[in-house]
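Dock chains B, C, D and E against the given chain A, drawing on the hints supplied.
Chains as they are written, first to last, in our numbering: chain A, 6 to 388; chain B, 912 to 1276; chain C, 52 to 379; chain D, 232 to 799; chain E, 341 to 716.
Don't read these hints as lab results, they were simulated from the structure.
Think of the CB as a built atom: it goes at the ideal place given N, C-alpha and C, for glycine as much as any other residue.
Don't take each hint at face value.
[To be verified] With a Cα cut of at most 16 Å, we get these calculated EDC-like pairs of lysine to aspartate or glutamate:
#1 A:Lys120 - E:Asp411
#2 D:Lys550 - D:Asp689
#3 E:Lys416 - E:Glu429
#4 E:Lys478 - C:Glu288
#5 C:Lys294 - E:Asp403
#6 D:Lys550 - D:Glu731
#7 A:Lys291 - B:Asp1021
#8 C:Lys294 - C:Asp276
#9 E:Lys416 - E:Glu679
#10 D:Lys743 - D:Glu756
[To be verified] A few chain C positions that, by computed beta-carbon distances, are all more than 10 Å from chain A:
#11 Glu100
#12 Val114
#13 Arg118
#14 Cys155
#15 Ile218
#16 Val247
#17 Val291
#18 Val347
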Amino acid sequence: MADTMAASTTARARARGGRRLSAFLPGAPQLAAGRWGAGGLALLVWLGCLWVLVARLARVVEALGGSWDERLALATLVAALATVWGWSWWDAGRAEGPRRVGVSQWDLAVRAFSKNRTAVAGLMVIVVLYLIALLTPLLAPHDPALQGDLISERYVGLSGAHPLGTDQFARDVLSRLLYGARISLLIGFVSVGISVTIGTLLGAIAGFMGGILDGIIMRVVDMVISFPQLVLLITIIALFEPSIFLIVAVLGLTLWPGTARIVRGEVLTLREREFVQAATALGYSKRRIILRHLIPNALAPVIVAATLGIGNTIVLEAGLSFLGLGVQPPTPSWGTMVADGRNVLLNAWWLSTFPGLAIVFTVLSFNLVGDGLRDALDPRLRS
Amino acid sequence: MTRPVRGDAPRAEPAPPPTGRAAIDRNGPPLLEVRDLAKHFPVRRGSFGRVRAHVRAVDGVSFDLWRGETLGLVGESGCGKSTTGRALLRLIEPTGGDVRFDGQDVRALDRTGLRALRRRMQIVFQDPVGSLNPRLSVGAMLEEVLTVHGLGLPNRRDRAVELLERVGLSADHIDRYPHEFSGGQRQRLGIARALSVEPDFLVLDEPVSALDVSVQAQVINLLQDLQAELGLTYLFIAHDLAVVEHVSDRVAVMYLGRIVELAEASALYAEARHPYTRSLLSAVPRPDPVGRASRSRIVLEGDVPSPIDPPSGCPFHPRCPHPAKDASCRGIVPGLEGRAESGRGGERVGHFVACHHPYHGTPAP
Amino acid sequence: MTKYLLRRLLGAVPLVLGIATIVFFAVNLAPGDPTLYFLSPGMTQEVVEQTRINFGLDQPVHVRYARWLGAMLTGDFGYSFSHSRPVLDVLADFLPNTLLLSACALGVAFFFGILVGTYQAVRQYSLSDSAFSVVLLFFYSMPSFWLALMLILTLSLFARNVWEWPIWFPASGMTSTEYDFLSFGGQVRDRIAHLVLPTLSLALVLTAGIARYMRGSMLEVIRQDYVRTARAKGLSERVVVFKHALRNALLPIITLVGLYIPVLFGGTVFIETIFAWPGMGRTIVEAINTRDYPLVMAGSFFFASMVVAANLIADVLYAVVDPRIRYE
Amino acid sequence: MKKVLAIAAGSVLAACGGGDSTEVSGDPFCQAVLPRVAAYMEQARSQHPTPSDPRYGGTVVIGSIGEVADGLNSAISADHSSTQHQQFVGLMTLVNYDAQLNAQPYLAESWEISEDGRAITFHIRQDVYWHDGERTDANDVAFTYEVVTDPLTAFPNAAFWDHYVKEPEGVEVIDDFTVRISLEPHSEFLDPFRTLGILPEHLLRDVPHDQLAQHPFGEQCPVGNGPFVFVEHRSQDRWVFEANPAFPAALGGRPFVDRYVYRIIPEQTTLLTELLTENIDVYLAPRPDQAQQILDDPNLELLAYTFRNYVFVGWNSRKPQLSDARVRRAITMATNREEIVQAILLGYGTVANSGVPPFHWAYDDENVPTLAYDPTAARALLDEAGWRDRDGDGVRESADGTRLSFSIKYNTGNQQRQDVAEIMQAQLAQVGIEARPQVVEWATLLQQINTPTLRDFDGVVMGWVTEFKLNDMDLFHSARIDQPYAWVGTHNPEIDRLLEQLSVTVDREEAKEVWREYQAAIVEEQPYTYFYFPDRLDGVNRRVRGAVMDARGEWLNIKDWYIDPASR
Amino acid sequence: MTQHEAAGAAKSAAKSAAKSAASSAATAAANSAAPSAAQSAARSAANSAAQSTEVEPLLAVRDLRAWFLTDQGVAKAVDGISFAVREGETLGIVGESGCGKTVTSLAILGLLPNPPARLMDGSSVSFRGQELVGAEEKRLRALRGNEISMIFQEPMSSLNPVFTVGDQIAETLRLHRRMDRKAAHGEAVRLLDEVGIPEPGRRVDEYPHQLSGGMRQRVMIAMAIACAPKLLIADEPTTALDVTIQAQILELLAELRRAHGMAVMLITHDLGVVAEVCDRVIVMYAGQIVESGTVEDIFVRPAHPYTRGLLASLPSVGTPGRRLASIPGTVPSPLHWPEGCRFRARCPSAGEGCERAQELVALGDGRAARCWRVGT
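Excised from the complex, chain A in its bound form (with noise of 0.2 Å):
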C-alpha cells in the first residue's frame, strides 16, 4: 500500500516535470514514459513543422497572401503545431490529476492498439503522409509542373538540385512525390469514405429491417461482388473520361458492398444481442436503435475495412493509371508516376521506384494499421 503511494507520488512529480518539458518539446515526457507512439509521433510533428517553418520561412510569408492550397498548408502547419502542443500539455497535466474513471471500449481498443508496435509505426506513417500531403506547397522544392530545360535537365539522376532526380520534361520528382501524395492519399480517403457511408447504411438497413429490403439490397450487393471489380472499373473508366472525379465516383460506388455485407452479418448478430432488445423493450424508435445502438457498435469491423480499403484503392488507382485510365497528366498520382516511368526502369529507375515504394509504404502502414485496429477493437482477440 505504502509502495503504490510512493509511486503515485513520484509520478506526480515527474508529471510536473513533464509539463515543463512538454512546453518546449512536446511528446518529449510521453517518451520518457516510455509512450513511444504517442510521444514519438508528438515529437516527430512538433519538429518536422517547426523545421518547415524555419527552413521555409520565406514560402510561409508568402503563403499568407497565396492561393487556397497554399493557405490550407498554412492553416495545416499551426494547427498541427497548436494540436501537437496542446495534447502534450493536457497530456502531460492528466497524470498529476485522479485516475479517470469510465473506460470505454474505445479508450481500451487505443490501450491495445498502443501496445501493438508495427501498427503504432504505421499510423505514424500515415499521420506524417497526411501532414505532407497537406504541407506540400510549403515543402516541394520545386512546381511539379515545372519544366526544365528539355535537353540538359531530362532524366538527371539524384542530385542536390532534384534529390529524387527528374523526369522526361526534366520535372522535379520530389516535388511530383510530394504533390502525388496528396492525390493518392485524396482519392484513398475520399472514395472510401463514400463507400463506407453507403455501405454501413445500407448494411445496417438490411441487417435490421430483413424481408423484402434485404433480400433486394443483399442481391445487388451480389452482384457488384460478382464482378471483378477491376474489369468493372475499368469499363466504366474507360467508356467515360478519365478525371478524378469519376476515378473516386467509381471506387466509392463500387466499394460499398464489402462493407455492406460486414455490416449486415454484425447487425444480425447485434440485433440478436439482448441490449438490443432491451431498447427495443424500452420503447425506442428504429432509427434511434439504429444509429446509436447498432451502428457504433458495428463499427468496428467496418474501420478495420475502411483502413485496409485506402490501402487497397491506392493500389487499385496505380493498377488503373497502367492502364492509362489513372489520374490524368499533368497531376501527379504515384499511380501515375508508377506507370509512367516503368518504362525507363532501366535507364532512369527513379521515376517509378520512389513513387513505387511510396505506395508500397503507405499502403504497408494502411495494412499494419488495418490489422492492429482488427486485434485492437476486436475483445475477442484482446488479452
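Leaving out everything else, chains B, C, D and E in the frame of chain A:
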C-alpha cells in the same frame, strides 16, 4: 426432511422480513391475463426461401398475474419459457392468443400504444454481458431512456444516480462502462435500466442464472426488496427450481411450449401432481450429503423431443415414467385442469395440471 | 444434397441475369460511337451507316438490350467487332489460358497461404510470425503490375544478363518458340518455366491474404474446446494441429475461393498484359479500348458467371466438408 | 493519304441482322485447306531441296506489341503490320519499290501503260504457286481488284481507287497471265499495287464480299503465295510461318530462315527484356527512351530511320480564337518543336513542316519556308492580329474580349501526344496563350472530331500514317469540308487548286514544283501545327544478318535475312 | 514483478522441475514399493491436510502454482495448492468462477497454454509416483487419455465437429491401445453402448451435431473411459445440461466409477452436485484451497466463513420465502489478489489478525481450513 445444520450466517444485509411476503390482493382483476398465447417460428431456407416447418416454441399458454405477485416460470432449455416472456412484451410478435395488460389488449396496440405500454412493462435479461450496450457508459444509458420518455426532468443525471443507488450501486459508477463491472453489478444495471421508466410489471428472464451463488443471492434479495418497495409484479423465468421456489408466489412448469402444471409454490413443491414436475424436482441435486443415500430419484429416459415435431397427445408421454401411461396419453392432448381454490381470490388460482393421470399426495422422499 | 444444389443453382439465375444487365448498361450507355473505331477515311456515309446497322447500333438501347438478352439466353453472344469472329470462338481461345493461370495461382496461393498461416498461428507472437506478416504484407501492398515488372527484371533479365544465375525464367508467353520441337518432358518443363513468373505475380498477393485469414482462423480454432480435448487424449501436437485444428480452420478458408476469384481475374488484366499471356483479362481490356461491345459484354459476363460459379462451388464444397451443413 | 489505327470495317450481318443461316464457320474451310497446304509443302520440299549454303536454317523471332490485326486478308486491312505481312511474308503484290521508291517487278513480271494513260496491263509471273499448289494467275489479280473496289467489301483504303474505274468493268483478264486495269490519268498510279496483296481467287470467289471480313482465311488459315507459308496463329500470342521451298528462284528462291515467328507482347518493358535476354531477335518499334539499353548491349543493334507517320496539332478554324491564320502561325512559332523532338523522341525524329516525309522524293527542306521557333515574332504577330493582353492576366484577348484560350485534346493512353500537349501548354503560356490539355477517350474523341455537325474541339493532337502516294485531299480540300476528316475546316482556294493539280500530275519533276507551292501555302495557312516525323526504331539482335529496314517496312527483305550460323 | 523477471523465473523453474522429475523417476524405479517416496511426499507437503499416510495417493499435487503472464500483469490463477486423490475415490473441487479450479485440472495434465501460463518453481504433480511437472511431452501424452482422462463442460464444443463420434473414440484406442481401425471401431460401438447410447451401431457413424447435449456428454465419457483410466477429471461435466439430463449423467458417472474402480476428480460450482456424488471436497477461493474435508464435514460442519457463506446463500428446494444470506462484494481479480487473507474484504467475521496471509490449518481427520480462527 433433514436439513443440513448450518454455521453462523455471514454478516447479513438488512434483517430478513419476518414472514414470507405481503399478501396479494387477488380480488380485483388480474394485471396480466394471458390466454392461449402461441409463437410458432417458421423454419426457412435462404432469404426468399419457403417455410418448411414451424418450431412450436410456445403452444397455447394461459395464466393470470395479479398486482404485486411473482409468478415463477420453470422448465428445461427450449421449453418456451423465454419466448413466452418476450412475446408478452411483443419483443417477439406472438402468432396467436390474447394478452391483456391492465385491461388493454396488448396485441392490438399500435406504435404509440406500444410505446406507452413499454413504460409499464419491462424486461431484465439473463446475460449480464450481452444485455448492456458496451459502447455506452452507465450514465449515458440511463439518461437515454429518460430522454426518450421525457422523464427525470430537470436533471436526468440526478435521476440516474438515484436509480443506481436504488439497485445498490453508487454515484461513482455513473461514468463507467459495462465491461468495468462484475456480473452481479451488471445485472443490477440491467435492473436499474428496467426501473428507469417506472414500470409496474417486470419480466425477469433468468436474471440470476449466469451468476455465481454468492452473487445470485445478492440479486435475488435486491429483486425482492424492490418488489416490496415499489409494488412490482414479476414474471420470474428460470430453470433453477430452488431459486424459483424461493422467489415465487405461484409457479408454472413448462414442457415443450405448454404449461403442464401451475400452482401455489408451496403446493407445487410439496405435492407436485404432474409426472414431469415430480421427476424434475427429484432430479435437482441437493446440498445434503447426509440424506443422499435415502433419496429416491426418478431419472427420466432420453431427451426432450424437438418442438418442430412434437409428440402426439401428451407431449411428455414418450418419457413419462407414470405407471398408468395409456393410449389416451398418446392420443389426446391433456388440458390444464384443476380445482380453483376458494377463499384466496380469483378463479384461476389453484392447482392446475395438464395430465390424464395426475398424482395425488406427497411424493416419496 | 441434390436439392440443395438445385436450389443454389436456381438462386444463381437471377444473379447472373442481373449481372448481365449491369454489364449491358455500363457498356451501352457510355458516350462515343464504336463504329468509328472500325472505319477509315474515304469511306462513304452509306458504308458507315451499313456498319452501324450491321453492329446493331441503330436501334434504341432497350431494343438492343432485349435482343442481346434474348440471343444470350440461346447461347448466342454475337460477333466480336474487332476479332470478326463469333464472340464464343474468341472466348474459347482465351478462357482456357486464363483458367490455367488462375488455377495455378490459386493452387500456389492456397498451398503456401495455408502453410504459412498455420505456421504463424502455431508460433503466434514469435519473431518469425511477425516477419512473415510484414514480408507478406509488403508484397500485398505492391501494385501487382509493379511486382510483375520487378519479377521480370530480377528473375529474368538480371538473373540472366547481370548476375548470370544458372536459372532464369522467360518473361513472356505460354511456351517457347521451339516448343513444338521439344520432347514431352521438355514441353512440360517449358510450360512450367513460362508459368513461374505470372503465377508468382498473381499468387503472392493472394498468399498474403490467405495466410492472414488462415492465421486468424487457426488462432480461433486452436482455442476451441475440441482442440483441448484432442490434446487431453494424448495426441501429439502435430496430429492436433494438422488433423483436428487444420480441418476446422480450413472451413472458412473455402469461402475465400469465391472471394478471391474476382481479385484473381482482376489481377489477370495486368499480369496477362505484362507477361504476354494470351488470356481473357488482357483481351477484355483490349476489347474495352477498341469498343468491341459484344466481346466486352460477353467477357465480363463470363467472368462474373465464373465468380458466381466459384461461389457456388465453394458453398457446395463447404457443405461437403462440414458435416453440420451436409446433414441438415 | 492514309490512316490512323484503322481496323477492319467488317460487316457483322449474321450477328445482328437476325439471319440464321448466314453464319460463317471457320472450321470447314480450314479443315479443307490446311491438309492441302501440308501435302503441297511436302511435295515442294522434295522437289526443291534446301541449297547447301550455311545461311539456310534457323528461326527468326520478331516481337511487337500488337497483333497482325487482319492477318493475310488484304481486302479488309489497312493496319501496318498486316499489310507488311501481306506484301513481304505471306502474299505477293504486283510491284515492289526500290530504295528510290520506284516500282520494281514482283508478282508482275512487267507492265505497260496505254498511250492515253487510261489503262495499265500487268504481265503476271508464271512460276508462282499458291501454297496449296494452285498456280497464281491473272484471275487472282482481277478477283482481288474486284473485291477491293466493291463498296460492300468496305476496303478501308478505298481512296486508293479514287481515279480507277471500279469493278467489274475496270478490270479485264486478257489471258491467264495478263490483266488490264482501267484508270484516269493521275499521279503515283502504281502505289496501290505495291500495297495490295493478291488474294487466291480459287478459295475466296464464293464468299460474299460483305462477309470477307469474318472469313477464317485472314487469321485462321490463310493460304498465300509469298516466300513464307502460314503454319499457325495463336490469337494474341504468335504467328508462325515457315520458308516456302517453292518460291520462285528468280525472286531469290526460298528464304534463308526455316521459320519466322511473330510474337505479340503488349508490354514494352517485357519486350525489351525479351530482346535483352535474346528470346526475340527483333523488337519492333521500341520507345525512344529504351534506345540506350539496346545501344548498350553488344549483342544488339539499333536501326533508326525516318518513317511515314507524323504528329501534329490540328486547329479548328471554325473557332473564333483560331480562325485567323496569323494566330495559328504564331502558335507554331511559339512552340519549340526542335526541343520537343529532343525531349520526347530523344532526337530520334525530324521536325515536320508539312505532311511530306523526309525520305520522300517531294521532300524539300531548302526551298519550302518554315516557321522557326521565335517567340518574339509570335508575340508581334498576335499583336498584329489584334490579340493583346488587355486585362493583365497574362492571357491575350481580342477587341471583343474573347480570350486567346483553348483546349488541346488528345486521346487516352498515348504518351507522346500527351507529352506534346503538356509541353505546348507550357510554351504557349510564354506568349500569352492559354492552352488546356484535355484527355478524351479514343472513340469519343473520334466522334467529337469526325462528326461533321459536331467538330467539338479547339486543338487536337493527332497522327497520320501516310502511304507513299501523298494525298491531303480529305484533310484540306474545301469540297470535302463535310467529310469526316476535314477536321480543321480549311477553306482556301489556293490550297484547293494545288491539291487538285497534285492529284493528276504524273511527272515527278513537275509534281515536285507543285508540292513546293503547296507546302508554302500550307505553311502560310497553318491548318495544323506539324510537329515531327518520329524515327522508326528497331532493336535487332546481331545474329540476324542481312536485315534492311526503312520507310518501306521492317519486313522488306525478310526472305533475305539469315541467322549467323555460329550463333544458331 | 516485471514480465522479464517472471519469464526468467519460470524458465529456471521449468528447468529445475525437469531435473527433480528425472531424479524422482529414478527413485521410483529403484524401489518399486516406494514407501520412502510417499513419506518424503508427505513431509514436503506437511501443511497439506489432504494427505494420506496410509496408502500412496493416486495423484498428489503439491504447492501447485499456475500463473498467467499477461499484458496487464501476472494473474496468479492457481497459487500454491496441494491435495491428493486416492484410488477409487471421488474428490470434488468446488468454487465460484475465477477461483482457479479449471486451471488446476488443466495443469495436472500439462494442458495449460504456455505462454501465457507458467507452472512456477516448486510446483509438483505426481501421478502414481511419477512427477509430471516438467516431464517430457511424450510421457505426458502417453498418460493423457490413457491413465488420466478428462471430460469438459461444453459437450458441444468439446467434440470435433468434423469427425464422427466413432472416429473420435477410436482415435484414442488406436493411439493408446494400438488397435487397428476395425477393432477400434467395434470397441467404440461397445463403449457407446456402455455409456447408454441407444442404437450405438448407428450413432457411432454420426457427427456430434446430430446428437443431443446429453448424448454428446455420454460420447465424451465414452471417449474418456475408452482406455480404462485410473483417474477421470470431470470439469463441470453437467453445468451445460438440464436438470433431468444432469441426473442421467451423474448416475452414469457413478455407475462407471463403481464398475471400473477409477478415481474421479469432479470440478464444479454446484454445491448440490458435490453433495450428491463426492466423497471428499476441496473448496477453492481466489486461487487457494480454503477448506477441505469429507463431504459431510463440509456441508454439515463448514469451518471456513466462505464455505459457510456459500451454503447460506443457496436457495434450497423446500425452504421458500426465507431471505437469503449473501456474501457481499465480488470475487477479486487474479491480477490483484488482496493482501493478507484473500477473503477478508467479504468476510463477516474479519478483523484483527486477518491482514496476514493465511495458512491452511489442519483440523484432524484430514480436514483443514484456511482461517486462523478455526484452529483456536
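| said: Over 10 Å from every CB of chain A: does Ile218 of chain C meet that, or does the non-interface label fail? | reply: holds (21 Å)
- Does the structure keep Lys478 of chain E and Glu288 of chain C at a Cα separation of 16 Å or less? With Cα atoms ~10 Å apart, Lys478 of chain E and Glu288 of chain C stay inside 16 Å; holds.
request  = Quick one: work out the minimum CB distance from Val291 of chain C to chain A and report holds if it exceeds 10 Å, violated otherwise.
outcome  = Val291 of chain C is indeed farther than 10 Å from all Cβ atoms of chain A, at 21 Å.
| task | Please work out if Lys550 of chain D and Glu731 of chain D have their alpha carbons no farther apart than 16 Å. | result | Violated, at roughly 27 Å.
Closest CB of chain A to the CB of Val114 of chain C still more than 10 Å away: holds (20 Å)
Exercise for the section: Could you let me know if the closest chain A CB is still more than 10 Å away from the CB of Glu100 of chain C? Expected result: It holds; Glu100 of chain C is separated from chain A by about 23 Å at its closest Cβ, greater than 10 Å.
Next item on the list: Just double-check Arg118 of chain C for me: nearest Cβ-Cβ distance to chain A has to come out over 10 Å.
Entry: Given that every Cβ of chain A is farther than 10 Å from that of Arg118 of chain C, nearest at about 20 Å, it holds.
Straight-line alpha-carbon gap Lys743 of chain D to Glu756 of chain D, limit 16 Å: violated (20 Å)
Worksheet item: Does the alpha-carbon distance linking Lys550 of chain D and Asp689 of chain D stay inside the 16 Å limit?
Response: holds (7 Å)
Next on the checklist: Next pair to validate is Lys291 of chain A with Asp1021 of chain B; report whether the Cα-Cα distance is within 16 Å.
Outcome noted: holds (14 Å)
>> Please verify whether Lys294 of chain C and Asp403 of chain E have alpha carbons no more than 16 Å apart.
In response: Violated, at about 36 Å.
Holds or violated: Lys416 of chain E and Glu429 of chain E, Cα atoms, limit 16 Å.
violated (29 Å)
Violated hints, in rising order: 3, 5, 6, 10 and 18; the structure is consistent with all others.
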